[in-house]
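Heads up: the sequence shown is residues 263 to 528, going by the working numbering.
A couple of the hints might just be wrong.
[Unchecked claim] Cβ-Cβ distance ranges computed for the label pairs, FRET-style:
| no. | residue 1 | residue 2 | range |
| --- | --- | --- | --- |
| 1 | Asp385 | Asp503 | 34 to 44 Å |
| 2 | His464 | Asp386 | 13 to 23 Å |
| 3 | Pro394 | Glu428 | 15 to 25 Å |
| 4 | Asp510 | Arg375 | 14 to 24 Å |
These aren't lab readings, by the way, just hints derived from the structure by calculation.
We treat Cβ as the ideally placed atom computed from N, Cα and C, and that holds for glycine.
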Amino acid sequence: MASVSSSRAATCFPHSPNSSSMVCGVTASLHVSGRGPLKSAGGMQPVVGASPGCSVLSTSTTGSQGGCWYRKTGRGGWSGCTTEILATMSVDALLRIVRGHVAIDDRERESLRVFCETVVGLDDPCNEHAGPVHVTASALVVATRGTVLHLHKRLNMWLQPGGHIEHGEDPPTAALREAAEETGLVVAHPAAGPLFFHVDVHPGPRGHTHLDLRYLLFADGSCDPAPAAGESPHVRWFAWDEAATVADAGLVGAVVRARELVAGPV
Numbered sequence: 263m264a265s266v267s268s269s270r271a272a273t274c275f276p277h278s279p280n281s282s283s284m285v286c287g288v289t290a291s292l293h294v295s296g297r298g299p300l301k302s303a304g305g306m307q308p309v310v311g312a313s314p315g316c317s318v319l320s321t322s323t324t325g326s327q328g329g330c331w332y333r334k335t336g337r338g339g340w341s342g343c344t345t346e347i348l349a350t351m352s353v354d355a356l357l358r359i360v361r362g363h364v365a366i367d368d369r370e371r372e373s374l375r376v377f378c379e380t381v382v383g384l385d386d387p388c389n390e391h392a393g394p395v396h397v398t399a400s401a402l403v404v405a406t407r408g409t410v411l412h413l414h415k416r417l418n419m420w421l422q423p424g425g426h427i428e429h430g431e432d433p434p435t436a437a438l439r440e441a442a443e444e445t446g447l448v449v450a451h452p453a454a455g456p457l458f459f460h461v462d463v464h465p466g467p468r469g470h471t472h473l474d475l476r477y478l479l480f481a482d483g484s485c486d487p488a489p490a491a492g493e494s495p496h497v498r499w500f501a502w503d504e505a506a507t508v509a510d511a512g513l514v515g516a517v518v519r520a521r522e523l524v525a526g527p528v
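All chains should be built: construct the whole structure from the sequences, respecting the hints.
Dropping the structure here:
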């Protein structure tokens with residue numbers, strides 16, 4: 263046990279490297295092409311059942327700390343991960359995320375160039391209130407069957423879960439939180455740690471520009487999404503080919519890359 267703060271005792275939910283399944287059956291047997299096994303970190307406690315045999319997160323009783331999700335226990339304690347995170351992400355830290363990344367297509371290549379050239383001029387790059395240009399985070403939630411997309415309520419486009427980075431979060435933590443909120447699924451980073459795999463720069467609401475960092479997250483493909491109240495109710499699993507067909511132009515490359523990363527039947 264370790265102390266996250268004076269009022270929140272926490273402990274990490276360990277994943278088992280020898281296990282083939284996690285909470286709600288999140289598979290740990292997926293592989294990354296050329297990398298060997300890519301395992302789900304798992305470790306999130308289910309709160310409410312959705313589909314038969316499945317569990318979803320209640321966002322009213324969950325939060326994040328250091329890239330891990332925790333839930334409030336019946337005894338008033340908090341279980342989760344104690345890893346410390348910075349209050350803000352420095353420009354150098356953000357550049358380290360994308361350093362060495364190889365773009366999948368011309369659009370991502372241009373996005374990568376713009377990201378690197380733009381972020382160095384931002385005083386508070388992850389703060390949406392600091393200016394019209396800021397870093398955001400999103401996720402491709404995957405299983406062997408495909409990926410989860412939601413119909414954006416305002417844009418009327420099928421998009422991956424994601425959004426703004428809150429104070430005290432780093433990009434992979436924000437991606438995890440947004441994915442849990444917008445899909446209701448138990449989601450997890452790979453056991454080896456967060457996997458950044460795609461970047462896209464695109465217009466956001468209110469004339470903003472989003473420098474979007476994208477992460478690969480795992481979920482159980484047999485579980486149906488159950489988004490939190492206030493989120494788009496139109497969220498579902500898409501087979502890989504279908505996802506690439508309906509996805510926004512800025513997302514197609516991410517779908518293709520995610521499919522390449524996830525080995526096994528698709």
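Hints versus structure:
1. In this structure the hint that Asp385 and Asp503 lie 34 to 44 Å apart at CB holds, the actual value being about 43 Å.
2. For His464 and Asp386, the hinted distance range of 13 to 23 Å is satisfied, since their beta carbons lie about 20 Å from each other.
3. Judged by the Cβ atoms, the range 15 to 25 Å given for Pro394 and Glu428 holds: they are separated by roughly 18 Å.
4. Taken as a hint, the range 14 to 24 Å holds for the pair Asp510 and Arg375, whose Cβ atoms sit roughly 20 Å apart.
In summary, this structure violates none of the numbered hints.
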